[in-house]
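*Asks:* Listed below are the residues making up each chain.
Number of protein chains: 2
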Amino acid sequence: MNASPAFEISKQPARPLAAQQPCRIALLGFGTVGRAVATILQGSSFPQLRLEFIYNRRVDRKRVAWVSPQVHWTDDIEQVLASDADVLLELAGGIEPAYSWAKRALLLGKSVVTANKKLIAAHGPELLELARRQGCRLEFGAAVAGGVPVLCGVSPGLSGDRLLQLCGILNGTCNYILHAMESRGVTLQAALKEAQQRGYAEAEPSDDVDGLDARAKLAILVRTGFHLQVDPEQIAAQSVLDVRPADFRYARELGCTIRQVARAELKSGTLLAEVAAALVSVNSPLGAARNNQNVLVTTGKYGGETVFAGAGAGGAPTAVAVVSDLLAVAESRPVASRGPALVAVPVSNDFRCRHYVRVVPAEKTDAIASLRRALTAGGVGLRGLLHHPDPHDRRPSLALAVEECSTQLVEKALRQAHDAGLLAEPPLRMSIVPSS
Amino acid sequence: MNASPAFEISKQPARPLAAQQPCRIALLGFGTVGRAVATILQGSSFPQLRLEFIYNRRVDRKRVAWVSPQVHWTDDIEQVLASDADVLLELAGGIEPAYSWAKRALLLGKSVVTANKKLIAAHGPELLELARRQGCRLEFGAAVAGGVPVLCGVSPGLSGDRLLQLCGILNGTCNYILHAMESRGVTLQAALKEAQQRGYAEAEPSDDVDGLDARAKLAILVRTGFHLQVDPEQIAAQSVLDVRPADFRYARELGCTIRQVARAELKSGTLLAEVAAALVSVNSPLGAARNNQNVLVTTGKYGGETVFAGAGAGGAPTAVAVVSDLLAVAESRPVASRGPALVAVPVSNDFRCRHYVRVVPAEKTDAIASLRRALTAGGVGLRGLLHHPDPHDRRPSLALAVEECSTQLVEKALRQAHDAGLLAEPPLRMSIVPSS
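Chains B and S are the protein sequences, given in the same order. Residue numbering for the first sequence follows the numbering used here, starting at 1015 and increasing by one per position. Residue numbering for the second sequence follows the numbering used here, starting at 1015 and increasing by one per position.
Label pairs and their calculated CB-CB ranges: (1) B:W1080 with S:P1360: 29 to 37 angstroms; (2) S:R1386 with B:L1399: 50 to 58 angstroms; (3) B:G1108 with S:S1058: 37 to 45 angstroms; (4) S:P1111 with B:A1355: 34 to 42 angstroms; (5) B:G1108 with S:R1266: 47 to 55 angstroms; (6) B:N1305 with S:D1089: 56 to 64 angstroms; (7) S:R1397 with B:R1198: 25 to 33 angstroms; (8) S:T1284 with B:E1140: 48 to 56 angstroms; (9) B:P1139 with S:S1058: 18 to 26 angstroms; (10) S:K1315 with B:R1072: 25 to 33 angstroms; (11) S:R1304 with B:A1383: 41 to 49 angstroms; (12) B:E1140 with S:R1266: 49 to 57 angstroms; (13) S:A1079 with B:E1418: 36 to 44 angstroms; (14) S:R1266 with B:L1399: 34 to 42 angstroms.
Treat the hints as calculated values from the structure; they're not laboratory data. Glycine included, each C-beta is placed from N, C-alpha and C at the ideal position.
Model the full structure from these sequences, guided by the hints.
*Replies:* Here it is in structure tokens:
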């Protein structure tokens, strides 16, 4: 399904840095990642990188003594843009003003390195094209999976394959929460609170738990690996907030655990893509992801499955990805080609797979039997029925393992059963992600 | 321990290919990988790559009908070198004549792509320097771990970290054999024969089982990840041929299985490096490697552990790595820098770790107690004694788990015990690789 790529060699090579002259860096945003990058650059490992500016709003709150006195601290972005810095390192996050800064920097002939998945998911292709026209670089290796080099692993690493599937754990916060539920049996709310206390989750965690963070990363991966144009908003995202301790006990009976899974697959010209809680085999690379780890499993037509796993979150691992990008820019390898053109396709989340369904039957005679009849009538094949009363549940729940079928089919049958009064509360459906 | 890198920007950019003109490829060696590369290039995915020549000795034996009639088949290397091919794709293997061909191609201004670990382990730095001077590319992503993009994962992917350890399974044949012994209890000889029948192992398998193949790959990884100059011959390699079914039963009692492990670590200015059969936790990424998979686990000062895993052998996965390299050359990103200079260091295999020792005590009274005394007197702390009689063994063996200590200490104590007549046959020592 790779589009026929139209390669073109740029006539405008990136400005070569004079030999011996270090690459001058302006760091925007002195938060967790910014501090970790400054720490690495303070060491002696990378003399070809020189930190010249640290920009932050109300910069005086941020100033620290361990940064070299040669670094200029400023809260004036105009000073940074007017300076002779070679690279704008954008670690402020969010779309604005990051987008305006990146655009202005590129127009001024400065390269841009960023860890900002929102910015790249929203404006990546446009900024890449601008960078190419300006003979500059735009690098964003830290935007997906933090310290795990998945973007360069996919391209150039696997560019010679035809990728068929991407399946991964791209949000460290959700993995921390779900792994805590799995390993210690705590509720989601307790695990979330713990993640917040440890600084793994924001006070406002909806970007993480609702899947918005992971779907921005999945959109970037789909562009890189499939050469398809996709916006994050086209990818269905389902919150993990509905997962309960009982779901882990049911999952275990199926040899599975539960993870927030981001996946994409090309099927008959449609891009299947979603971010949702899903069952994964405990023996799979996704099931093995602990704490705030990230994992990506790619499936290629020729190379089969390739796994990338490691520290997907945290200041120091993300800083590694940022510094690797800075080195690539300092070595001034020009972006010689626009790469394959991106192609637009329909996007759906109607994956065909086995499913897990947790229901609370209505309190009436024969509700379970009626439910089974209703599902079977809707074309949904049942594999098994699990029953594990949960002390946290007010009403007893049941779990159903569903034969491989279309996601929409299961959801429709469940909606009809709910509308017919067979369920005491909305059901929870999760995909059972196949593992090889 | 990274050396202070001396970066220098090349004044000689790679010759840009004219826009729209595909990159012309001369393929040398039409074996398993060569056929798989030709298959991928026959498809429509990569119009920027055009196969122009297929060279092989006695080429008429090799000719197949499915290759486009525009491809020239030849057994005359001079014709290939004199042609207008942009890239020499060397898939013949071995050091000569591959080395002469690569050198001549670079001197003629042609880029070189190769999957040849022996060639790169022996002559990589020299050929890279020649390529840089000629403004050409030398790419060898397929030389380590086949289809798993570990070289580009390490650099540029993790170039911003300071790598402390590399630990991997780099030989698919040995992994096939050891995984068959683990999962089906067969002897090493039976597993090797099976691997040969399935085409996974050569008729003459010593490069694989003696660790020579894996240590060539480890030498390339050490240069790429640690920026250290190391020759394969400096790395200790121990055969896996001594591993018996009983060792897997003992290993299981320790929560471990057995793999051929290639590892390297910097310790006080010395490079610890070896390739040997070793015990690894069944729950670790190395323990999870099945059949002919390859795995690399890197440990970085900032990024912690990163795992790369996938199809390390076989025609199609290796061809993916080759085609990815061809695309990189076709996109004509010049190698702008010579990268950090390589530094020479002492090399040793005296790792400090826990050890597994399998012995057959001599047939005399009190041999076991004497052995324990001898080892303890030699400074070797014993953790436990395992006994699992093996029907394949003529004499009953014992396994000892040894506390963390220097490898040389254990080997010296065992040698002394053997010299003192306490052992009926030479002992087998394997490291127990720590897992986080």
